[in-house]
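J.: Chain A is already provided as a structure; the job is to place chain B on it using the hints.
As you go down the protein sequences, you meet chains A and B in turn. For the first sequence, the numbering used here begins at 1 and goes up steadily by one. For the second sequence, the numbering used here begins at 1 and goes up steadily by one.
What the hints contain is simulated information worked out from the structure, not anything from laboratory work. Honestly, I wouldn't trust all of these hints.
Incomplete in silico selection of chain B near chain A, CB under 7 Å [stated by the list, open to error]:
#1 E43
#2 V45
#3 L47
#4 F53
#5 A70
#6 Q71
#7 F74
#8 V156
#9 F167
Since the model is a prediction, treat every value here as computed from it, not as a measurement. Note that CB positions come from ideal geometry on N, CA and C, so glycine has one too.
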Amino acid sequence: MSDPGTDPGTEPSDAVEGGEAAATTHEPEESLRSMLRGALREEEPPPNVLAGVQKRIRERSKGKFYADGWSTAKHPPLNTYLVTSLLMLAILVISYALLSPLVGSPVPVRNQPVPVQLIPR
Amino acid sequence: MADRRDVAAHPVYLADGVADAEEQSERKFIERLAQRDERAFNELVELYEARVFRLLLRMLGRRDEAEDMAQEVFVQIFKAVGTFRGDSKLSTWIYRVSVNLCKNRMKYLARRHSEGEDELEPVAERAALDEAKGVTFGDVAQPDRMVEGYQIERVVQQCIAELDPDFREVLILRDLEDLSYEELSEITGLADGTVKSRLHRARSMLKANVERKMGEKIR
Chain A
1 MSDPGTDPGT EPSDAVEGGE AAATTHEPEE SLRSMLRGAL REEEPPPNVL AGVQKRIRER
61 SKGKFYADGW STAKHPPLNT YLVTSLLMLA ILVISYALLS PLVGSPVPVR NQPVPVQLIP
121 R
Chain B
1 MADRRDVAAH PVYLADGVAD AEEQSERKFI ERLAQRDERA FNELVELYEA RVFRLLLRML
61 GRRDEAEDMA QEVFVQIFKA VGTFRGDSKL STWIYRVSVN LCKNRMKYLA RRHSEGEDEL
121 EPVAERAALD EAKGVTFGDV AQPDRMVEGY QIERVVQQCI AELDPDFREV LILRDLEDLS
181 YEELSEITGL ADGTVKSRLH RARSMLKANV ERKMGEKIR
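Looking at chain A on its own, in the form it has when it is part of the complex:
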């Protein structure tokens, strides 16, 4: 892939414009600049392009990038993390509460010494 950033690409030959370099450069004419700013003033706020960019990257990388909902979120989904961890804790506590009565207590074992029999020679 060519690097779009390092490829001036479409520039016309500088040799053609070499003579231009000698031309005097004036300070910007404020009236012209003011007119330009007025004419090209933006009325509406810029759109949010992030979702579109993520979609294009996901499609073109065949799902290698931005494959899941977590990575496409704008910010870390802290609420989701919090709710998930609380839910897991609740499940653990409930499981413990349900299962612990079934376990019961250990049966006491009486250990008595085995009588020793001496074998005569």
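T.: Just chain B, lined up with the frame of chain A:
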């Protein structure tokens, strides 16, 4: 390293320190981008999307095209960020990618003759050119001045659209985006003198074209 007292006595050290910290932070950010860190890339898009969109809208003159192009610019940046060597500022490189892709799109659109250009109002009904300075469609309250401002805006927009993309590029980057000549050189890949002369010619052409269409001089 300068101690605390030295720094207090020489504020320039503070400025240097801030610049160094910023540079280091940008370097780390670029490293994260090069490693294809999706969250870092999200931050990059959020940071630059407004600037990129505004530049493209001014270059292309169409909101739908600019939005589509802005998405494409960021996709290309995602692909090529590994090749960014850090010779220039990240913002300058992003502008450069935007401008190059935009110029290619403009050529493509020109080939397809898809540039929508509305007919302008007859010359006799146009407003005086003085109205263009600071009085624009969005600012005026009175309906008659609103129409005048609208007509002037349309004339200027059309004249900008008629400029050659190479001239339009330097005019927008300098006079609207307020970039320095050095940044313009890095973005366009042209020598400093060439940038200045091209900018001068772009302003002259635009001024002449607007005056011709409006039938009076810009003062």
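J.: Classify the hint on B/V45 as holds or violated, based on whether any CB of chain A lies nearer than 7 Å to its CB.
T.: 5 Å, holds
J.: Should the hint that B/F53 touches chain A count as held when the rule is a Cβ pair under 7 Å?
T.: Holds - the Cβ of B/F53 comes within 7 Å of chain A, reaching about 4 Å at its closest.
J.: Closer than 7 Å between Cβ atoms is the bar; does B/L47 clear it against chain A? Give me holds or violated.
T.: Since the shortest Cβ distance to chain A is 11 Å, the answer is violated.
J.: Restraint: B/E43 near chain A, CB-CB cut 7 Å. Satisfied or not?
T.: 10 Å, violated
J.: Are B/Q71 and chain A close enough, Cβ to Cβ, to be under 7 Å, as the hint says?
T.: Status holds, d = 4 Å.
J.: Hint check: is the beta carbon of B/A70 less than 7 Å from a beta carbon of chain A?
T.: Status holds, d = 5 Å.
J.: The hint names B/F167 as touching chain A; please verify it with the least Cβ-Cβ distance against 7 Å.
T.: 11 Å, violated
J.: Against chain A, with CB atoms and a cut of 7 Å, does the hint on B/F74 hold up?
T.: Where the cut-off is 7 Å and the nearest Cβ of chain A is about 4 Å from B/F74, the hint holds.
J.: May I ask you to test the interface hint for B/V156 with respect to chain A, counting a Cβ-Cβ separation under 7 Å as satisfied?
T.: 4 Å, holds
The earlier numbered hints that this structure contradicts are 1, 3 and 9.
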